[in-house]
Each structure stands twice: as structure tokens, then as C-alpha cells.
Amino acid sequence: MERVVVSMQDPDQGVKTRSQRLFITVIPHTAAGGDVVAWLIRKYCISEEEALHLGTLLVQHGYLYSLREPRSLVLRPDDTPYRFQTPYFWTSTVWPAAELDYAIYLTKKNIRKQGALVGHEKEHYDQLHRKINHTWDLVVMQAREQLRAAKQRRKGDRLVIACQEQTYWLVNRPPPGVPSVLEQGPERSSCTAGGVQMTKNTEFYKQEMERCRKALTRARVKSSVCLEAYLKFSSQRGPHDPMMSGCLPSNPWVTDDDSYWTFNAPSVAVPTKLRVERWAFSFQELLEDPVGRGHFMDFLGTEFSAENLSFWEACEGLRHGEQAQVRAAVDAIYQQFLAPGAARWVNIDSRTMERTLEGLRQPHRYVLDEAQLHIYMLMKKVEDSRCKADTVTW
Amino acid sequence: MAREECKALLDALNKATACYHQLVLTVGGSADSQNLREELQKTRRKAQELAVATRAQLTAALRDRGLGAEERAEFERLWVAFSGCLDLLEADMRRALALGTAFPLHAPRRPLVRTGVAGGSAGVAARALSVRSLPHEAEGNFDVDDLRELEHEILQVSEMIQEMEMKVNVPRWTVQARQTAGAELLSSASVRVSSVGAVSVQERTGPCDPNKALAATVFSAVLLAAVALAVCVAKLS
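Chains A and B supply the protein sequences, listed in that same order.
The opening residue of the first sequence carries number 1 in full-length UniProt numbering; numbering runs sequentially from there.
The opening residue of the second sequence carries number 1 in full-length UniProt numbering; numbering runs sequentially from there.
Everything labelled a hint here was simulated from the structure, so no lab data went into it.
A virtual CB, placed ideally from N, CA and C, is assigned to each residue, including glycine.
A portion of the hints provided could be inaccurate.
Taking lysine-lysine and the BS3-like style, the derived pairs with C-alpha atoms no more than 25 Å apart in a straight line are [said to hold, decoys possible]:
(1) 151(A) <-> 235(B)
(2) 7(B) <-> 113(A)
(3) 7(B) <-> 155(A)
(4) 232(A) <-> 131(A)
(5) 167(B) <-> 109(A)
(6) 381(A) <-> 273(A)
(7) 131(A) <-> 273(A)
(8) 113(A) <-> 151(A)
(9) 206(A) <-> 232(A)
(10) 109(A) <-> 43(A)
(11) 222(A) <-> 206(A)
(12) 109(A) <-> 212(B)
(13) 7(B) <-> 167(B)
(14) 155(A) <-> 131(A)
(15) 167(B) <-> 151(A)
Listed next, with one range per pair, are the computed distances between beta-carbon atoms [said to hold, decoys possible]:
(16) 227(B) <-> 26(A): 30 to 38 Å
(17) 26(A) <-> 214(B): 21 to 29 Å
(18) 101(B) <-> 26(A): 56 to 64 Å
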């Protein structure tokens, strides 16, 4: 925003300014709201609505202030006069407004208005007096001296500087009800405003204790580990993301050519190179991709252990299938894979088999989860040791 | 007496800091000029001298072990005010450095912001230095050299603040300020009521300030009386 304001100052191409006439004093450098909007439209080639919005943002952040209604921070696209704020008071993150400065400003205002501070300013004044009581001598001394020093200036300059300071504090310490532009966003204010006050009885405290106890035992991962994993994921997947690294042959949404979709269809005869690379990332990738799964099935067939993958697929079908068919599906799987002497018997260790058989008495969707996991791990080991080299060179 | 001297030095430093603040407000704006930068330099040098002198006095006083409890409390109060003042001065100096670098006076492509402040600020600087008027003798590229010196001076001031914190141990929370809320309203006649009229900036086409009206009527009454007397004298003679 500061660059926009500085480019507005160009004597040839900036915003045109006129002088403001008060009773006897003439103060230069006022710009009409309409001129500002027109300049924004011309310079950045934007629509009027956008220029108005940008201008309002400038006023809300304190780079421009209205001379007629300093408290309303909007830009009106008509003759309303505005003036630029001095760079000392520009909104800056390096020097946020300090409490001591605010106290000095309020004290000066108190002196000027002879004690008639109103509303939120009075509250702030009392609050600050309590908070920074130890430096209150300094506050009073500085306030008096600053007023005396300001008297050495001309009347017009004094008026302008007073306006500038008022605008600065309107932006940095807005009156209640006015949203502060320097805050993070609506979430912050809503959580304090709409909080439901629960009755603080024993029930409430019991719940709190339970919640805290559970929170203590929750497993936590160190952020360094998380971030490393995140980085690894991003660097590994980066080239595969069509948004980040572009997609070949072309983005169908842009060029209306949907060859990208045909090449990457779920069941295609020849998978793309990128797709095959993805299978090497993890076993889950391989299983999820139908083409990959098909290849893996063929490979297991050569090793005479295809029933593992079939069992796994049947379990997946059970988990994601209809509720009404659960019983029948469980029976079918048992007959085909788990019964002693079954046609396609899978090799599960005894402990898991015992537990599964017990669970089969009350079959539900997830009763075969342990067995499925066991088979999955088995297949994964096979995959890791032998198949990886083959698929990568494929 | 040591306390009075300290108080006088602190008042002078306070005055210099306030004037420096007033001057820094206009850096980068339409009133920025070589003269302003020169005034800034003179004001801050004076403020630094005063700061060094006050620090020496206050440190000597606080190090004195044979001080009564009341006297000690008094000096601690002065110390807190002094360090606050020095913090304000340092913050203003840093801002002046940043603004001075961002708005160099002689660069063709960086115009100054048209803020509407047009007059000179010689009076403010003269007040800080307690002189009647201030001659301006700066040459050509004054602001560029000045910025370099300003950097050094900022470092000096921050070192001074650090040293102060290390050497003298005055816990802030034990100091009770003497002024109460609203104490500034009981001040002397040096803050005149006419400054009330300086605040409002709405365009006024109607009646003027009541004090100005009163002064105008008194003046015109005196003028009429003088004219009447002159006419009488002319008639008599």
C-alpha cells in the first residue's frame, strides 16, 4: 500500500490536490475521493468497484483520512476531501503502537478537552493509569511538553498534525464496535463474543478433569518429525502433482483436449511412466491403482500365492459392502479362504486365526480386519523384497 | 541540591524529546527539507548531551548508600521517568532513520508525501535548544551524511540504555508515580484555553472562535475610543 500512496504523490502523474479553506487559514494538499478513485482506475486498469474497494482499504489502514468525517473509515467517490497521512504514522508492523504513546495521546486530549474524555477513551485512560502507573509522571510531563512544542508551529500545521494523530489512533485503537483492520480475522472476535457460560458445578469440573487426563495420554509427535515427513512427502509427490509440475500432454480444462484423461484412466493398457513411479512409493499406492493391482496379481500368480491378494480383495469388499450382505459375505469368505481344507486357503498365524474364528460367531463388517492386516503385511514384505525392482524398470 | 539539579536536567531532556518527536512527525511529508534534517540533528545532539549529564547525576545519587528511604524513592521515581524518556528518544531516532532512508531529499523519482504541513519548524527546534532562533548552515548532501551519523548515535543511545539497566537496579513496580489520573488538568496557565479551538478540523464557514471574537470587540472598542478622543482633541484645539 505504501508504494501506491507514494506513486500517488508524483507531481505530474499523481492525484490532483487542491487547498482547503478554513476560516482564515489555507491548508494545501487535499484530494477529493472521486479523484483518488479515478486515478486508481487509470493507473492499474481496474474496474470502479475494485478501485473503490482498494481506496477503502487505504483509508481503513490509515494512509488517507477524511476531513469531514474522520471517524468513518470509508472512501466516498465524490467531492469529499481527503488528505494523506504522514509517513511517521503509517501502519507498520515494525513499530506497533505502544501503550505509553497512547497514554500520552489521551493525556494530551484530556488537557485539550479540559477533562471531558468520553466513552472508550475514558475507560482506556483509567486502564492505562492503572497499568503503567510507574511512568505516569513521564506521561504527564511529555504530554504537556508536546503540546507546548506544537504551539511553536503555525496554526494550519497544528490542525493538520492533530488530525493525523487522531487518525492514527482511530486505526490503532478503534472505538468498540468498529472492527480493527490490524487484527487477524473474524474468528478471533467471535470466540470471545459468543462463548456460552456453563454453570461451574461439580459435573463441569469432573468433565474438565477427564478431558485433561485424556489429553495427557494422547500420543503426540514432535513437530520436527512431522515437518520432516511433510517435507519428504512434498518433495516426493511434487513432480506428480498436475498443479505444481504441469501435466502432459496438456491441461484438459485449458486446451479442451482430454487425452490426459484417456492416458490416466483407471484401467488402461499402458500406464504412464509417472504412474508406474508412484507404485514405487508405497505398497498402498500399488494396491490402490487398478492397473498396479492387476500386475501384482499376475506376479503373485507366478509365485503361486495369488490367494492372498484375493483374500485381501474379498475383505475390502466386505468392509465397504452392503450391511444386509455382511453375514453372507463373511460365510463365503470363510468357506473359501479360512476353513481348514478350503480351496484357496490363506496362511494366517494361529493366534490371529483363533481370534478371527471367535469373532466369526458374531460377524460384522470389521470382523476380518486382523486377518486382512496380517495378509497385507505379508504381501508388503513380498512386494518390498522382490517386486520393486521389476516394477520400476517396467 | 542534587535533587533539584536532577529534576531540572530531566525537565530539559523531556522538553528536547518532545520537540524531537514533533520534528520527526513531519519527516517524509511535505515539510521535509534540508532545514528540517538539520534541526533534527541539533535537537537530538542536545538531547543526548542532556541524557549523559542526567545519567551521571542520577547514577551518582542512586549509588550513594547513605540516602534516606524517602530520598531514595524520589530518585527512583526520577530514574524511571528518565529511562522512559530515553526509550522514547531512541524509538523516535530509529523511526527518523527509517523514514530518512525511505524518503531521501534529493532523489528525483521519490517525491515526498503531500501531507498538508507546509510551514517551517524552526520554532520547535529553537525551543528544544532553549535559544531564540536557529541559524541554518547546512550544505549540499547533508541528509546522507546525517543518516550515517544518526546510525552511530542510535547505537550509542542503546548502549547507554543497556548500561543503565545493568548498573542500576531499580525495580519498576515499586515506584509510585506522584501524579494522579487527571493531574494534567490542574496544571498552570501555560496551557492556554485557546488551544481548544485548534482541534476541530471541520470546515467552518460560520461563526468564529469565541476568544477571537472577544479580542476583536475589545480591540475595536479601544480603537473607537481612541478615534473619539482624537476628534475631541482636534475640536478643542
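Hint numbers contradicted by this structure:
Hints 1, 2, 3, 4, 5, 7, 9, 10, 11, 14, 15, 18 not satisfied by this model.
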